[in-house]
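Listed below are the residues making up each chain.
Number of protein chains: 2
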Amino acid sequence: MKKNFKKVNAAIIVIGNEILSGRTQDLNVSFLSKWLNEKNGITVDEVRVIPDVEKTIIKTTNELRKKFNYIFTTGGIGPTHDDITAKSISKVFKVKYEYHPEAFKILKKYYGQNNFNDGRKKMSKMPKGSNLIYNPSSAAPGFKIKNVFCLPGVPLILKSMIHNCSKYLNKGSKVFSDSINLVTVESNISRELEKIQKKFKNDIDIGSYPFFRLGRVGVSIVLRSQNKHKINLCKKEILKNIVKKKKIKKV
Amino acid sequence: MKKNFKKVNAAIIVIGNEILSGRTQDLNVSFLSKWLNEKNGITVDEVRVIPDVEKTIIKTTNELRKKFNYIFTTGGIGPTHDDITAKSISKVFKVKYEYHPEAFKILKKYYGQNNFNDGRKKMSKMPKGSNLIYNPSSAAPGFKIKNVFCLPGVPLILKSMIHNCSKYLNKGSKVFSDSINLVTVESNISRELEKIQKKFKNDIDIGSYPFFRLGRVGVSIVLRSQNKHKINLCKKEILKNIVKKKKIKKV
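Chains A and X, in that order, are what the protein sequence lines are.
Okay, so the first sequence: first residue is 1266 according to my numbering, each after it adds one.
Okay, so the second sequence: first residue is 1266 according to my numbering, each after it adds one.
Hints listed in this document are in silico derivations from the structure and should not be mistaken for laboratory results.
Misleading hints may appear alongside valid ones.
Identical copies carry no separate label here, and so any pair may be met within one copy or between two of them.
[Stated by the list, open to error] Think about it this way: if two alpha-carbon atoms lie no more than 16 Å apart in a straight line, the pair counts; the simulated EDC-like pairs of lysine to aspartate or glutamate are:
| hint | residue 1 | residue 2 |
| --- | --- | --- |
| 1 | K1386 | E1457 |
| 2 | K1386 | E1459 |
| 3 | K1511 | E1367 |
| 4 | K1359 | D1470 |
Sequences are here, hints too, so could you generate the full structure?
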């Protein structure tokens, strides 16, 4: 690791029976991971998908918030009975679960005095002392308490509010990546690739991922490093000693 | 829970830096969860996504294999240097990591004597005593040892071999589900839905999920239970006391 490299990491907790049952395809993990890494230099080191069960939410959050710099939860902050994230996170930090005055005001204005029913009011209840994460698309804010960020599960809404998390984040050093896509199979290049990985073992993580696209079989070689220059050196070596030598077509 | 209900559960461990970095969208969790539940009566109670790091793979597998009836891992069983699942799982069970004679034979036949290089041979190395999970699409088998099933990360290949896991599974009782899709927002029905959830609290899990489809905003209400009859009763009550009373359109 480079001496001046600042590693900042995060874990994502996806809260939702609908993801565990396979009914809903999660789309938030890949979006959040990319956003955290590319915009903030924060790497996601673990993801957990857990059910809407208070005990499990509390236990998982408590375990992970001590292991990682930041925790992002998705799901369970809506108006219905199965939305229990805010209440559970209050218990994690042993603080009151109560109306956040600003959130209450935002939602009252959004729905209007006459339509501000109990379910809608519930969306302004959160752990005492939380900071709001504003929501430009459907008003109900997410919240941040200590190093835990609670976001909604609907991908469109999550995306619309993610930039409002930035001000609370200590940024890390960016991890750079580059990739080479080849028309080959992994087992044709694995020995040579391992040699190059050994040579660059202190600087580069080389990943190899088969793909099937438009009826074609191929391999993506992905180079990741804190050092852009070393990525270029490593890429040149792969092109020279694998691609050119084995006469492999690039995509 | 019904007296004769047999609960069997599982956890999925997704092994792969490419999922954590957001580069690749995971598609295996939803497929596996549905297959386990619908074909085998097995519910997935937790998912973890972890990096290609031996120590992490060992620790996570050891923790989860004691908590759940079955563990399914995806990813990391290919021919390249970053495929370390089989070796790590050998360490979990403290058994040798060695060529599986039948897997070796299958791969030798598939590639032919002259093209059976080290990377290809590596794909037949696994924990001693493993059972093979045959792979009809690209030959390299997955494996099963004790309650841990190791499958590849490429969704197409995983899907082609999943039925070969069936014979090793003790099936559980099926969880039934039904859903009602409404043109409304959650906060319009949350109070009434909570009442119905309370009434059926011993038999039914009611989930509520907002959706945005073709420019329309809606809510899916999902009922899950071990008891099909109770689902029907609960559905009738929702249709009568929420949908009809509030004049909500169904999708």
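Going through the hints against the structure:
1. K1386 / E1457: Only across copies: K1386 and E1457 sit 15 Å apart there, 61 Å inside one copy, limit 16 Å.
2. K1386 / E1459: between (57 Å within a copy, 15 Å between copies)
3. K1511 / E1367: neither (64 Å within a copy, 30 Å between copies)
4. K1359 / D1470: neither (41 Å within a copy, 27 Å between copies)
In this structure, the earlier hints numbered 3 and 4 are contradicted, and the remaining ones agree with it.
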